[in-house]
Each structure stands twice: as structure tokens, then as C-alpha cells.
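Engineer: Could you build the full structure based on these sequences and the hints that come with them?
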Amino acid sequence: MRGPEFLDRYEGGRVLAGLLSRYEHQPDTLVLALPRGGVPVAYEVAKALGAPLDVFLVRKLGAPSHEELAMGAIASGGVRVINREVVEELGVTREQIDATAEREGRELRRREERYRDGRPPPDVRGHTVILVDDGLATGTTMRAAVAALRQQGPARIVVAVPVGAVESCEDLAAEADEVLCARGPEPFYAVGLWYRDFAQTSDEEVRELLSLASRQQAAGAEQPAT
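Each residue of the sequence shown is one higher than the one before, starting from 1 at the first, in the UniProt record's numbering.
Worth flagging that the hints you see were computed from the coordinates, not collected in a lab.
Remember, it's a predicted structure, so these values are computed and weren't measured experimentally.
C-beta atoms are modelled at their ideal positions from N, C-alpha and C, and glycine is treated no differently.
Any given hint might turn out to be false.
As the list claims (entries may be wrong) - Cβ-Cβ distance ranges computed for the label pairs, FRET-style:
1) Q217 <-> R22: 18 to 28 Å
2) Q217 <-> R94: 40 to 50 Å
3) E113 <-> H25: 24 to 34 Å
4) Q217 <-> H66: 35 to 45 Å
5) E107 <-> R183: 25 to 35 Å
6) P187 <-> E95: 42 to 52 Å
7) R183 <-> A155: 25 to 35 Å
8) L90 <-> S214: 39 to 49 Å
9) R94 <-> E205: 37 to 47 Å
10) D171 <-> L69: 13 to 23 Å
11) D171 <-> E89: 15 to 25 Å
Structural biologist: What follows is the structure, encoded as C-alpha cells:
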């Protein structure tokens, strides 16, 4: 097995940004990161493209007594996506779905408040949205994000990751308008194997990067990441 593809998430983001250069300085483009690991990657992408950066939070709705099985997901902006096949197969009631969504919704709102400091979610309608994470293994979270984001009416959804399992990248191509996996090593195993430094991204780092990106966007000037 070969060694890591990237030093850290920031380097992965810079490589990814180079492959997304056609979106540079396009006024209708937004970069949305899946927290927390996707934020350092997306920060580099947004900085290079001169695009606004924000987060798009997704919380899985685990089926009753089968928490590992997703019966749906909720996402930023109050969007709810339900997997009808799972719900019908397990006989999950509307009340159970609502209770699970309410519980997960509280956690999603807590994270949004922590990351955004009261700023509302971005309006994606009619925009090209570049949805970024640090990698794709099974792609489950990203698929939920794409489905939820689609309900908010963007003109185009571009999924972009530095590294991903080839099969997951191919599967997502049926759901997003474009999928860009900068590296597709095989065998894949896990996202973290392809970064030399894959330390957990903290809430504070997320907040700092969002704040820095906002200041850079407002000033129209780029500054190097620390």
C-alpha cells in the first residue's frame, strides 16, 4: 500500500482548489463544508476561488432499535429527508420519526449556533454549491447532504473531496451534478489513511476558519492559512 496522498486537510484543499479553478470568482458560487473535517479543506477551496464559505450540517436519523441504520437525515435550513424503504420495512411510525428528528434537530441547532454565531444559513437557491468534505468512504453522509441540499433549490451541486473510494465517487455522480474526487486510491480502506496528519478538527478551529474566511471575503483579499 502506498503512503499518504496529502500532508493534512489544508494541503488536500489546495490540491482540490486547483481542480476547481473554473469556478474562480464566479458570483453565484458558494462553498459549503461538512463539519468538522471538511472545513479546513473547504477553507482552502473558498479562499482560492474567492467564494463565500459556510457549513452545511447533516444529522442522521437512526431507526428505532437500529440506530446504525439511517431512516433519513435532517440538514441545515430545516430540511428533512426520509428513506421510505427503511421506514416501511421496519414499520416506523410518524411519531417515531418526529421524535428522532426533534432530538437530532436540537443537536444540529446547537452546532449551527456554535459555528455561525447567530448568522442565518446561506440562501443557496439558484446558486452553484460546491459541497466539500475531507474524503468519501461509504459516502452515506454526503448522499444525505446532497439530497437535503437539493430541496433548497440550488442551480448546481458539485461534490468535491481530496480523496475518495472510487465506487463511492461513482455512485454519487448519479445524485450530484458533478463529483470531483482528486485522488481515488485502491484499495481505499479509510479516509484518514491518506493524510499524514488527520488529527480531529475542533469546534474552535471550525469557528476560526469560518470567521477568517468571512473577513477575507469582505475585504476581497487573500491571507495565508496558519
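Engineer: Please go over all the hints and tell whether each is borne out by the structure.
Structural biologist: Verification of the hints:
| no. | hint | verdict |
| --- | --- | --- |
| 1 | Q217 <-> R22: 18 to 28 Å | holds, 20 Å |
| 2 | Q217 <-> R94: 40 to 50 Å | holds, 42 Å |
| 3 | E113 <-> H25: 24 to 34 Å | holds, 31 Å |
| 4 | Q217 <-> H66: 35 to 45 Å | holds, 42 Å |
| 5 | E107 <-> R183: 25 to 35 Å | holds, 32 Å |
| 6 | P187 <-> E95: 42 to 52 Å | holds, 43 Å |
| 7 | R183 <-> A155: 25 to 35 Å | holds, 28 Å |
| 8 | L90 <-> S214: 39 to 49 Å | holds, 43 Å |
| 9 | R94 <-> E205: 37 to 47 Å | holds, 39 Å |
| 10 | D171 <-> L69: 13 to 23 Å | holds, 18 Å |
| 11 | D171 <-> E89: 15 to 25 Å | holds, 21 Å |
Violated hints are absent here; each numbered hint is respected by the structure.
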